[in-house]
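Enquirer: Quick mapping for you: the protein sequence lines, in order, are chains A, B, C, D, E and F.
Start counting the first sequence at 1; every next residue gets the next number (our numbering).
Start counting the second sequence at 1; every next residue gets the next number (our numbering).
Start counting the third sequence at 1; every next residue gets the next number (our numbering).
Start counting the fourth sequence at 1; every next residue gets the next number (our numbering).
Start counting the fifth sequence at 1; every next residue gets the next number (our numbering).
Start counting the sixth sequence at 1; every next residue gets the next number (our numbering).
Hints may be right or wrong, so weigh each one.
[Unchecked claim] Computed Cβ-Cβ distance ranges for the label pairs, DEER-style:
#1 Ile203(A) x Asn65(F): 37 to 47 Å
#2 Glu196(E) x Asn187(C): 39 to 49 Å
#3 Ser130(C) x Ser157(E): 51 to 61 Å
#4 Ser157(E) x Glu162(A): 24 to 34 Å
#5 Val250(F) x Gly184(A): 52 to 62 Å
[Stated by the list, open to error] When the alpha-carbon atoms are kept at most 27 Å apart in a straight line, the in silico DSSO-like pairs for lysine-lysine are as follows:
#6 Lys9(E) x Lys104(F)
#7 Lys193(E) x Lys251(F)
#8 Lys103(D) x Lys104(F)
#9 Lys15(B) x Lys251(A)
#10 Lys104(A) x Lys251(E)
#11 Lys104(D) x Lys104(B)
#12 Lys193(C) x Lys15(C)
#13 Lys193(C) x Lys104(A)
#14 Lys251(D) x Lys15(D)
#15 Lys103(A) x Lys9(A)
#16 Lys15(A) x Lys9(B)
#17 Lys104(E) x Lys103(A)
#18 Lys251(E) x Lys138(E)
#19 Lys251(E) x Lys15(F)
#20 Lys9(B) x Lys251(A)
#21 Lys104(D) x Lys251(C)
#22 Lys9(C) x Lys104(C)
#23 Lys9(C) x Lys104(A)
#24 Lys193(F) x Lys15(E)
#25 Lys104(B) x Lys103(D)
#26 Lys104(E) x Lys104(A)
The hints are simulated quantities; they were obtained by calculation from the structure and are not laboratory data.
For every residue, glycine included, the Cβ atom is placed at its ideal position computed from N, Cα and C.
Protein chains: 6
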Amino acid sequence: MRANPVLEKWRNGEKTIGAWLSSDSSYVAETMGHVGFDWLCIDQQHGISDYASTFQMLQAISTTNTTPFVRVAWNDSATIMRALDAGAYGIVIPLVNNAEEAKKAVWACRYPPDGGRSSGPNRAILYGGSDYQAEANKEIACIVMIETAEAIENIDSILSVEGIDAAYIGPSDLAYALEMTPTGDNNNPDHVKTVEAIFDACIRHGVAPGIHTGSVEYTSRWLSHGFQMVNLGTDIQFLRSRASDSLSQVK
Amino acid sequence: MRANPVLEKWRNGEKTIGAWLSSDSSYVAETMGHVGFDWLCIDQQHGISDYASTFQMLQAISTTNTTPFVRVAWNDSATIMRALDAGAYGIVIPLVNNAEEAKKAVWACRYPPDGGRSSGPNRAILYGGSDYQAEANKEIACIVMIETAEAIENIDSILSVEGIDAAYIGPSDLAYALEMTPTGDNNNPDHVKTVEAIFDACIRHGVAPGIHTGSVEYTSRWLSHGFQMVNLGTDIQFLRSRASDSLSQVK
Amino acid sequence: MRANPVLEKWRNGEKTIGAWLSSDSSYVAETMGHVGFDWLCIDQQHGISDYASTFQMLQAISTTNTTPFVRVAWNDSATIMRALDAGAYGIVIPLVNNAEEAKKAVWACRYPPDGGRSSGPNRAILYGGSDYQAEANKEIACIVMIETAEAIENIDSILSVEGIDAAYIGPSDLAYALEMTPTGDNNNPDHVKTVEAIFDACIRHGVAPGIHTGSVEYTSRWLSHGFQMVNLGTDIQFLRSRASDSLSQVK
Amino acid sequence: MRANPVLEKWRNGEKTIGAWLSSDSSYVAETMGHVGFDWLCIDQQHGISDYASTFQMLQAISTTNTTPFVRVAWNDSATIMRALDAGAYGIVIPLVNNAEEAKKAVWACRYPPDGGRSSGPNRAILYGGSDYQAEANKEIACIVMIETAEAIENIDSILSVEGIDAAYIGPSDLAYALEMTPTGDNNNPDHVKTVEAIFDACIRHGVAPGIHTGSVEYTSRWLSHGFQMVNLGTDIQFLRSRASDSLSQVK
Amino acid sequence: MRANPVLEKWRNGEKTIGAWLSSDSSYVAETMGHVGFDWLCIDQQHGISDYASTFQMLQAISTTNTTPFVRVAWNDSATIMRALDAGAYGIVIPLVNNAEEAKKAVWACRYPPDGGRSSGPNRAILYGGSDYQAEANKEIACIVMIETAEAIENIDSILSVEGIDAAYIGPSDLAYALEMTPTGDNNNPDHVKTVEAIFDACIRHGVAPGIHTGSVEYTSRWLSHGFQMVNLGTDIQFLRSRASDSLSQVK
Amino acid sequence: MRANPVLEKWRNGEKTIGAWLSSDSSYVAETMGHVGFDWLCIDQQHGISDYASTFQMLQAISTTNTTPFVRVAWNDSATIMRALDAGAYGIVIPLVNNAEEAKKAVWACRYPPDGGRSSGPNRAILYGGSDYQAEANKEIACIVMIETAEAIENIDSILSVEGIDAAYIGPSDLAYALEMTPTGDNNNPDHVKTVEAIFDACIRHGVAPGIHTGSVEYTSRWLSHGFQMVNLGTDIQFLRSRASDSLSQVK
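Between the sequences and the hints, there should be enough to build the whole structure, so can you do that?
Expert: Here you go:
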């Protein structure tokens, strides 16, 4: 089976930088696949992809060495299994609140006996290889998002769940959880403190710590802090910011 | 009928800045529509849009005040008429070589008696208003591209054709015409001299001069020179350059 | 943030007339947007739109002043949040049976602290404006459908739920709830009595009363009765009835 | 091979009533297929269908007994052949000006030795039957549009071309040809006189006369006159007129 | 209402052979519809269809006499109802574990008073006929999959649920349930014994027994055993195996 | 630039086996890419792909080592250039009749000074590499189809045109040219003699000879004869024949 280089880096204590795909365009996805990120995450929650475009974007990313992730819209087993069958090598599950929900996420990501994933890896076998089904449990990343008040309370029980590969912080929803106004990259000391506490919990539990940022500055900051899965931005942010900046410079 | 603010600016001697849409995504198109360009050009020649995605992108751009153009893949009358029926307010026709081809382009852009456009403005009437058909000949921009050796020779006869609103230089194909290697923004003195000669011809004939660039630097340079229709970049260029630059900064 | 004129009318005690979109065509949606309805509701339950076509239809409706609603297929939080992120200004939730389900619907429609909507309004910010996230809880309509036997019993507790803007009657499913054969517009006295009872409950609780009809006659009747959200018909009904009637007249 | 009931009626001197599909929705197409028209014409010229949606609409119409036609955007051989391969049973070719163009249209519609249609009826063989290729030249309708000044002059030579099954008048473009403002259904005596002259020419040459209308009144009028192929309206017209009328009645 | 010939055969004790559609192509679906299977099952679980392509594939299959089924990705009521509204005549529900889940599946497949299906059969009425809603409960097949350890234990209570028309064995997931490695067609004696035990339970409860195979050999074997719903293969398997075999023969 | 292994084989006198893609499915394309053919040809003439699906199929094939070709519907320069920009590594041009038409085909396939291809390789640069534009003229295969009476007469002048890499025989249209009924694989002695004559002409002119077959038998036969580009079958043929054969065996 094709190995998952991102998982390998995490297991080796190395860092990875990725980007988010908010659009549903396979051309954008292929273009982003050539930029050099470790992983790209197709966003079915706040991005606009649904299954059909995800399938095509996974094909597009597969023309490159970038590892494809999918963020599902919800901790829904059928959706997770379908994204995996289509060839995703990592699933980001939003709004995981407690160990039970984390176990549900793992269950959907793993074939028996480790979980309950149903047999039928349609495109995954093309991408991963003919031994996909036998090896998949070792190569598929299960990534839970930590971004709610309940999750902060339950952080240790969540991260103790067998099969969680990474914990990914969503700073905007985390701000809501801390009763702040969401601001994307967030400098509020309480916010920062919480991020660092989640990081420490990850380290305690041997889970790769991750965080969503929207800037070079925050990506650098959290990489330096030791985060192993850092998002630098989204396709739409890159597009809009460069277009706006350039237009401003001309005007 | 909804007026064409870009045409109005050209007629008033003012300048306009636009961008190219190489993707086929209506979400990208709507995002770009909010950046503040005067016009956006959906590229059916070297971009990946065909009619169906063009239709949706025109709807998306119509949620903003940006004026929608379409570059057709060829000087093909049916394709031009269909883009207009879908609500394009300007058509960019590539590779126009001589007055006859320029007349053919105008013919497709204008209802009788000025041309031969067939009656049936399906979406154009939604975007333009119920008097669209009566007024369209005054509000639709017909833009010919000057980028071949033959066109350089015929520049005066081309620009003399009644109904040409702008002449748009494609620097890459122009480089081929001058037996150079295409480089996008081009500093070669012969190339620059030719661009300036085309500009002068436009001024002579009362046609708005335009040019495709891929950078702030060249957009500024040619705007300063007096060009009235300047492309700053494409969606894919903005996306890829910002993503690459940011990733380099982090690494 | 762009205001929600339908919500404003309801709050002022005024009436609104809308139509249903059963097709998945953005061209149909834009055409319907020019007819002059107060709102259009993209139907993901019994219509054929899924997320991708909903996104394009929302873009199409956004070229007009008509307010876009989406009826989700189920009281599913992720689906509701995605429709809102795409720019829906109202969500119609079918088959709400009790206060708990009504609270779940509101929870998905509102950002914290009023609910649990996740942060990330991709297209909503283009349509609503840059202050969308701060203001959205005030401008997004949460509309529960009352159409089951259980809901009739629980009508007061459902309508007491904070954040319900309107209650919308589905007459066909309501007929099933009353153990009748569904007939669309329904003249059965028990059906009428139930509709009126739901109306009265809405008035008691300060919730805008709404009802689905399929004819001029029933729209007029229920508007006269005081209903504030009345559906006149669906795109497919309009299309088929006019085509059939015209063909009959000719034959 | 599945017979073409419309061609049969024409050959028997009978009349047919059809409708135009301006949208690109296969659900609309299937709905219209159940209304009871003799034929439906997918409009690739002023409607918004391109090949991909045409293919799906042809599948949808094939669930009914209605005969599927396609109006191509131009007298383009490849486009005609592709529409036929997809299962169209009639091709409407716009803007045919003279006998040479009419021959070109026939050439694309007929297999050798009657024409130059290339071998490869992908979906046509599913719809038409396994003997499709042997029989198609007898069952496929070739319909030329008469709507230009040049065509009026050349009417006899056009209609003398072997293989033309019907001549279809486009009243709006015909108005342009007569130097009038297009009005759809047209009462201008010169316009009417020209329509009647074309009708007479059809009778002279044994070609089925056809005309595009947008109302019950004009459909009835021209059917009474003897026209054998009359369009009653388009999907979008049916939809918009019924929606607008109903809304007006309620308001 | 159009009758369901597959259900009729099952009720008469006859056998049916079908195939799976793993692709999302309506052209493939129509092609497969002409092969002569009793039924075709669009696979939304391990195949790549989602709602939009399912809708088009249902249209395509409806041009033939083959009966269309849909396997939903999960026992999700909204998804089942939407597939039925689109014209599916049978629903295959995966991973049904117990009587409660079986009842939930039936509930979604049946209108009141037999179930809770919501009123609004958009395309179903085109395919099934105008009396669809009155007759649907008798003609729609509800097919539960038996493939988990829990289901094996609960086989009698599951098959006792009123409204279950068939029980369909998924051999790969069943292998997981038996703690074996999935192999598609499975010769392991314990696997075979379990399949036969499920078959016997079906006979006991008057439910049509079904099984998924991937070969002529196993289809023949289980048909001989008495299975009434046997899958011969998937579109992608047929395609890939014939292409590979042919290429091997040539090389 | 990524090399074209098929061109390399032809230049070395080696043979290649490929297959045709008549469907428009990127999943089918990717599946076929794993079968092991030297090349796959997306068929825009008699297959159902248009530009949008071609783009996605090219992405899908690019996940494998199979070389992607596109058969355009016509010798149309814009269509050829767009297929190349999308990443096709070979273009098959149907119905080439004479040297002038062959030159037109080459012109569209080659950048200046060898031809007139317009600058702008959007996706081609992702697939081919950053030096694509400088090297493309050497790596892109231009393949003309020989299948008309006129072409048979002009075979030497056609094959003398600089830049033709292969000549591909379409046996069905060739049958028409020889006034026979098309039969796919064709055993008629006159047909065979003509095929062999075209083969000999290819050898004379140093052009790779190619032929379309639909069976193992004919592929083997013509490979033995020395043909270097032989089509074994189409996706739809593989699918339908295996499904039909298997069903017959079971019944």
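Enquirer: Taking the earlier hints as the rules, which of them does this structure contradict?
Expert: Violated hints: 2, 6, 10, 13, 14, 16, 18, 21, 23, 24; rest satisfied.
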